[in-house]
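Make the full structure from the sequences, and use the hints.
The residues making up each chain are set out below.
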Amino acid sequence: MKKSWIIAMNTFNESLRKKTFYILLVVALVVIGASRFFSFLAVEDELKMIKDVSFSTIEFFGALIAIFTALAAVSTEMEKRTIYTLLSKPITRNNFIIGKLIGQSLIILLNVILMSIFFVALLLIKKSPPDLQTFKTIFLIYLSLVLMGSITLAVATFATDAFNLIFSFFLYIVGHLITYGKALLERTENVVLKGLGEMLYTIIPNYENFNIKDKIVVGVDVTWKYIGQTTLYGIIYITIAILIGIHFFNKREV
Amino acid sequence: MAILETKDLTKIYTLGKNRTVTALNKVSMSVEEGEIFGILGPNGSGKTTCLKLLLGIVFPTDGSITIMGKDQYSVDIKKNIGFLPENPYYYDYLTGPEILKFYGRLFEMPDSLIAKRTDELLELVNLQDARNLSLKHYSKGMLERIGLAASLVNDPRILILDEPTTGLDPIGCKETRDLLIRLNKAGKTVLLSSHFLSEVERVCSRIVIFHKGNLLTTGTLRNLLEEYQAENLEDLFVKAIEKFDRETGSIDKGVE
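Line by line, the protein sequences give chains Z and L. Take 544 as the starting number for the first sequence in our numbering and just add one per residue. Take 20 as the starting number for the second sequence in our numbering and just add one per residue.
Bear in mind the hints are in silico, worked out from the structure with no lab data behind them. Some clues are possibly wrong.
As a list, the in silico DSS-like pairs of lysine-lysine whose alpha-carbon atoms are at most 30 Å apart [claimed, not checked]:
1) Z:K545 <-> L:K36
2) L:K193 <-> Z:K623
3) Z:K545 <-> L:K193
4) Z:K562 <-> L:K155
5) L:K155 <-> Z:K545
6) Z:K623 <-> L:K159
7) Z:K794 <-> L:K120
8) L:K204 <-> Z:K794
9) Z:K794 <-> L:K98
10) L:K159 <-> Z:K562
11) Z:K758 <-> Z:K679
12) L:K36 <-> Z:K623
13) L:K45 <-> Z:K545
14) Z:K561 <-> L:K89
15) L:K120 <-> Z:K623
16) L:K207 <-> Z:K561
17) L:K45 <-> Z:K794
18) Z:K794 <-> L:K193
19) L:K135 <-> Z:K623
20) L:K89 <-> Z:K794
21) Z:K545 <-> L:K26
22) Z:K623 <-> L:K155
23) L:K36 <-> Z:K794
Spelled out as structure tokens, the structure:
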């Protein structure tokens, strides 16, 4: 675990020194900052608009950071051949993948924290301090981003960057729409289609489970029980993704 | 006593549905403790593949590798190995001391020992003045030197070097050669892959010649010169390759 942590800190520091991180962060902060000016476009009140835009921005830019960091985690090491030196050291390939996962999760965390600080500051300026529900929303967004990063990292161990990029975004979109897909499937009487749908629903992570922002924005409370269940759901999928990544990376020749 | 041995080591790469390339074909060799062992061969002869196999970076299709009497994939065995890849690339945002610290920590060395080793190694490879410079500002020769330092951070028993003088100027080449001899005298076993014949001739006690994935010959330079009735290493190298091509009729043909 110690060696994974050393690799994690290296991954974290590497991401931190990349311009992409700062560019995405600055753009995200600008969007969050500008959210108060969008209020005149909507009939809803300004606070609701700020929360809505901020949550969506944290999720979207967090997703970009998660996917690009995970993409770089394996392929950049291979392209730059730094992996040769790294794997010649007394580490296992499991150390490498777990270290990369921890490192990218830390960089996503930093990104989410920085965006959240800006968002909270905006709420304080509006004399509406954030409540616990706001932090629950941010936590679940973070968890969904870690899951997204884990899947991208796992796919990076056996697929090309281009495929991985398309696949990760595709899964992200499908993962958000899968609840509607399931509702549609329930109406069908075709057994094969129904079975296939059920299978996909089980395999593909349902990103909508992590999406509580719509409820929070309109003032609906989300229970701790739901947060706990969703956290467990996320951890199970993250674990499966990483085990898949470890399995393929242990067989991969670099 | 052999510190490193391979038996019938074979590596076949699959390049598509029905296409394979034999990068290494039943290679059996042994490296004795305390010697400088040279792996010679033209480009694409299987030298780097052999080193990657020894380090567990790629996996053998067949055959076995024994390092210090144990399976080479054991993490503990790797604690005794230092490796310098060809054209080394490192995390270019790190400085020299930072890269040594990163690798040193992977060897579970305490930070105080890493700091001591860093000072020693930077002096050894003459990079003390560049200690605050990030690696992206390093020249090719400087990268090669920091790579050499990184391969020595754990004070390894076995040093595996893949083309260590590529990119170095003549003075840098001489300094590297002298360093290898010094390290060898200090008890380190050195496995040196190179296509610079003069370099190998000057430092290696025994050599092996690879060609098209095959081990053509191995032994001390003197014995091989006698065996092939060659005047020097270059002559020996050419004769060994010509003999192989003649015997196998594989001129202009890759090993597949």
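Would you pick out the hints that fail for this structure and give their numbers low to high?
The structure conflicts with hints 1, 3, 8, 13, 14, 16, 18 and 21, although it agrees with all the remaining ones.
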